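Undergrad: Protein chains in written order, with this note's numbering: chain A, 1 to 89; chain B, 1 to 381.
Honestly, the hints are just simulated from the structure, not real lab data.
Quantities reported herein were computed from a predicted structural model and do not represent experimental measurements.
Treat the hints loosely; a few may be bogus.
FRET-style restraints, in silico, Cβ to Cβ [as the list claims (entries may be wrong)]:
| id | chain 1 | residue 1 | chain 2 | residue 2 | range |
| --- | --- | --- | --- | --- | --- |
| 1 | A | Glu82 | B | Asn206 | 38 to 46 Å |
| 2 | B | Pro100 | A | Asp9 | 18 to 26 Å |
| 3 | A | Glu82 | B | Ala60 | 26 to 34 Å |
Where is the CB? At the ideal position from N, CA and C, for every residue including glycine.
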Amino acid sequence: MSMSVKNVDQIKATVRQFLQRSFHGKTLTDEQNIFDLGLVHSLFLIQMILFLEKEFGVVLEPQQLDTSALSSIERIASLVCEHAVSEAV
Amino acid sequence: MLAPSLSTFRDEVRAFVSESLARRAASLDAEQTMPREVIQTLGRSGYLGAVIGRRFGGQARTPRELGVLHEELARVHGSLENFLTVTSMCAVAIQRFADPAVATEWLPRMARGEAIVAFAVTEPARESNVPDVQTLLQPDGDGWRVTGEKQWISFGQIADAFLVLGRLNEQTLAFFIRRDTPGLEAHPIRDMLGLRGNALARIRFNNCRVPRGNALGRSFSGTAPAILFGFDEGRFATAWGSLGLAQGALDLAVEHARTHYASGSRLCDHQLVQQMLAEMIVTVKAARLICEDAADARQAVIPEMVGATLIAKYAASRAARLASDRAVQILGARGCHEETPASRFFRDARIMEIIEGTSQVHEIQIALDYINQSTVGASNS
Chain A
1 MSMSVKNVDQ
11 IKATVRQFLQ
21 RSFHGKTLTD
31 EQNIFDLGLV
41 HSLFLIQMIL
51 FLEKEFGVVL
61 EPQQLDTSAL
71 SSIERIASLV
81 CEHAVSEAV
Chain B
1 MLAPSLSTFR
11 DEVRAFVSES
21 LARRAASLDA
31 EQTMPREVIQ
41 TLGRSGYLGA
51 VIGRRFGGQA
61 RTPRELGVLH
71 EELARVHGSL
81 ENFLTVTSMC
91 AVAIQRFADP
101 AVATEWLPRM
111 ARGEAIVAFA
121 VTEPARESNV
131 PDVQTLLQPD
141 GDGWRVTGEK
151 QWISFGQIAD
161 AFLVLGRLNE
171 QTLAFFIRRD
181 TPGLEAHPIR
191 DMLGLRGNAL
201 ARIRFNNCRV
211 PRGNALGRSF
221 SGTAPAILFG
231 FDEGRFATAW
241 GSLGLAQGAL
251 DLAVEHARTH
261 YASGSRLCDH
271 QLVQQMLAEM
281 IVTVKAARLI
291 CEDAADARQA
301 VIPEMVGATL
311 IAKYAASRAA
321 RLASDRAVQI
331 LGARGCHEET
341 PASRFFRDAR
351 IMEIIEGTSQ
361 VHEIQIALDY
371 INQSTVGASN
381 S
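Chain A with its partners taken away, still in its complex shape (with noise of 0.2 Å):
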């Protein structure tokens, strides 16, 4: 899985490119609050979840969807790096 070559950063840049296309070219830092931006619909989400799982090769499994596991650069990457790990076992 390409993703255990992957390192925090790495996710960091990559999800901060995908959120900042979608929000006006806006520059997040890795903790601020998405959601509490108000700059997206509620089907950004879906995006969100679609864009992690095609871009890291993970399944994000529904009890870890939650507001909070999704609303920072530092708690997505977080998310993803459990993921990576859990699946390379």
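Could you slot chain B onto chain A? The hints should help.
TA: What follows is chain B alone, placed relative to chain A:
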């Protein structure tokens, strides 16, 4: 131009609906319901499992195949098509978010037409504002109790279970509930403008028990992801269903204009009729290309598929309204009577602009998507 494999599939679907469903479908409006035997016939074809994975007994069709299926069903009856839409919305959510025990029990039966699941999100007081849901969940041991009301629920009269959006504290939670749960009531709603075979109902939950295993994912601030995935599937399906109504109306108008006369010449030789036909032809063609674009984005499973689907549903439902309106005009009095499907196309098309998000909700989302992704003027904001 359809690829050969899609063309074969279309012929197969068209032959099935015309031989097995068309005659029966003609009386669905008068009956104002979707009889079990019609659903079972649809189930025997396997098409009800179109979005369901093979491990659950489904057909796992490609987006282009789904498009063909919805278009062909809608040409015969909008409610037949919408039954597949609702089944698919629920199936997508269950497949991705439900406990394996729920998925294993229900998905194969849904695919066979033996179990009906309805998508219960809309409420009497808040028809479009999903996050403000007032159907309340209260903790109850290892699960919850739910109290509240859902309105305008397609196939709610005949459903064996419901996929529901509720509120848990300040978040939303999607859950599955069986119809035979004590305290659950379904009250029929009749005499709708269109999709009269949809057997709508108002659903009341009076302190109904929801086991923890019936949750679809975790609670979420904003709309629960299971519901969002359901809506996304519903919009794609409704786009193609709308296209089916539009194409059906166009075909009907052309046939009528070729075989009927006014002032001594065929209707199709009158330039004002040609003008209406040209408008229909171009609108339907444009909607078809937009629907195909959405299907291809979904095939690639890219984030852009969500926006492409919104545009397809918006464009195709408007195309259906225009095409069915012109078909009624070209058919004249016949178009206003149930002896032809023109009036049904017209009424059903109107519903397509309201279900799975109104055209106005789509306009907001389409514009936001474009504005957020456009680089034009970005440096000034």
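Undergrad: Looking back at the numbered hints, which does the structure fail to meet, lowest number first?
TA: When the structure is compared with the hints, only number 2 turns out to be violated.
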